[in-house]
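As they're listed, the protein sequences go chains A and B.
So the number in our numbering is just where the residue sits in the first sequence, counting from 1, plus 11.
So the number in our numbering is just where the residue sits in the second sequence, counting from 1, plus 26.
Hints should not be assumed to be uniformly reliable.
Unchecked claim - Where chain B lies over chain A, by a calculated footprint (3+ residues, C-beta under 8 Å):
1) 20-28
2) 47-59
3) 109-119
4) 125-136
5) 144-150
Hints listed in this document are in silico derivations from the structure and should not be mistaken for laboratory results.
Keep in mind that this is a model prediction, so the values were computed, not measured.
Just so it is clear, CB atoms sit at the ideal spot from N, CA and C, and this is done for glycine as well.
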Amino acid sequence: MQIGILALQGDFIEHQHILERLGVRTRQVRLPAHLEGLDGLIIPGGESTTIGKLAADFGLMEPLRTFALTHAVWGTCAGAIFLSKDARRPQPLLGLMDIQVQRNAFGRQVESFEIDLDVPALRQVEEEVRPFRAVFIRAPLIERVGPGVEILATLPDGRIVAARQGHWLATAFHPELTDDTRFHRFFLKIAEEVATLDLDVPLSR
Amino acid sequence: MNAEKGTFKVKVGLAQMLKGGVIMDVVTPEQARIAEDAGAVAVMALERVPADIRAQGGVARMSDPELILKIMDAVSIPVMAKVRIGHFVEAQILEAIGVDYIDESEVLTPADEEHHINKHAFKVPFVCGARDLGEALRRIGEGAAMIRTKGEAGTGDVVEAVRHARRILGQIRHLQSLPEEEVMAYAKEIGAPYELVMETRALGRLPVVNFAAGGIATPADAALMMQLGMDGVFVGSGIFKSGDPAKRAAAIVKAVTHYNDPQILAEVSRNLGEPMVGRTVASLAEHEMMAGRGW
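Construct the complete structure from the given sequences, taking the supplied hints into account.
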């Protein structure tokens with residue numbers, strides 16, 4: 012199992028460190044050729060406008076979409092925006108997940124926060140039930156999800172902050188900024204499931 | 027909600043999101059949009075870029091909040107702004123208008139020659155300049171959530187940024203070679219808080235994100251700072267004092283992402299037009315050096 016991390020900009024090294032701690036081989040992805048042979052991809056936090064522009068300028072948009080059809084992909088914060096079909100403003104998006112996101116939904120940096128979230132799906136990787144400490148940095152919200160999109164976590168007031176559509180995962184917060192590896196293990200489980208399917212046809216879309 | 031705002035984790039967290047990116051000085055909303063379109067991860071809103079502060083002289087202060095607010099309205103990326111060293115009321119004002127990061131900057135005329143701002147007292151995060159490890163850890167001790175090299179702003183000469191980056195990284199390597207019983211004496215020697223020195227030793231890097239700043243003017247300069255081990259770059263006068271700012275800005279963004287790929291660096295360096303004219307640091311008189319402000 013080798014997982015790529017889109018390394019155009021943002022906190023890709025934090026993701027890489029967690030995966031390495033979990034004993035997974037990793038590779039930084041900056042050009043289309045770097046996707047070759049990977050079993051999954053993480054799109055990190057950062058500035059979604061910067062990541063989108065660089066992906067477009069270096070010919071990554073179509074290769075990423077093609078890769079995503081047959082592999083697990085997870086976007087955190089900016090990565091979740093980049094995966095979405097709709098960010099309510101013109102900027103390059105992969106347009107894969109049937110979610111509408113609102114950028115900077117909580118306001119400016121002084122409104123950034125951490126909070127304990129209940130994420131039932133994490134029981135698939137660890138039986139012990141405990142909250143997940145989620146770090147929101149100028150974070151987006153998932154305002155609407157389409158049919159076939161599973162809501163994984165909400166804030167106490169019900170607003171959506173994590174979702175899954177088939178083998179694609181989006182979180183508005185940053186599991187890579189904590190020592191809690193459960194979300195990364197959850198993603199690796201999805202990547203392994205997809206890898207064993209040996210897909211000829213896209214799972215979703 | 028049991029939400030906690032303004033924690034050190036979320037302050038450092040924003041800087042982590044800026045890594046591998048370029049933060050650009052802008053003096054108008056139009057420049058801010060050019061920077062965002064070019065791929066900047068954030069902009070630094072100010073009335074005069076350092077090169078003009080140098081040329082025009084006089085007391086350099088926090089910018090008019092009206093200008094900063096207009097720039098905040100113009101772009102979706104984070105907006106930073108500068109306050110004078112030690113001027114905690116300027117910082118309170120910038121926090122009140124909601125800037126995303128405050129740069130307590132030697133580029134402005136210092137308000138206090140002995141004390142920097144107690145940055146723990148704020149919810150908004152701070153970035154501070156440093157020339158060496160001791161200075162970096164003193165600022166972190168005061169609550170800075172991000173460090174940048176001081177370099178020598180407004181010159182277009184990268185030599186001081188290189189000096190400061192090499193010094194900080196070299197001191198960290200030296201620190202890691204010390205047996206534990208020698209760490210306290212080293213902390214005393216560099217004038218840094220012991221706990222932060224121990225943390226740096228364990229991590230093998232500063233405990234917060236460390237950008238390069240002060241004199242970066244070309245894609246090659248930016249890639250040089252990245253290869254030396256910086257987490258990202260600030261470009262001040264280098265973009266909007268050049269012949270074709272939009273093109274140069276986009277080229278520097280690409281150079282920071284592909285800093286290890288000489289083919290791409292060669293491609294993005296072509297036909298950028300005139301760089302900023304600049305001044306060599308060696309030609310500056312002692313009183314013209316900004317990096318010596320603060321301690």
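Now the hints, each set against the structure:
1. 20-28: Answer holds; 6 residues pass the 8 Å Cβ test.
2. 47-59: With 3 residues closer than 8 Å to chain B, the segment 47-59 of chain A meets the three-residue bar; holds.
3. 109-119: Result for this restraint: holds, n = 4.
4. 125-136: holds (count 3)
5. 144-150: holds (count 4)
Every hint from the earlier list agrees with this structure, and none is contradicted.
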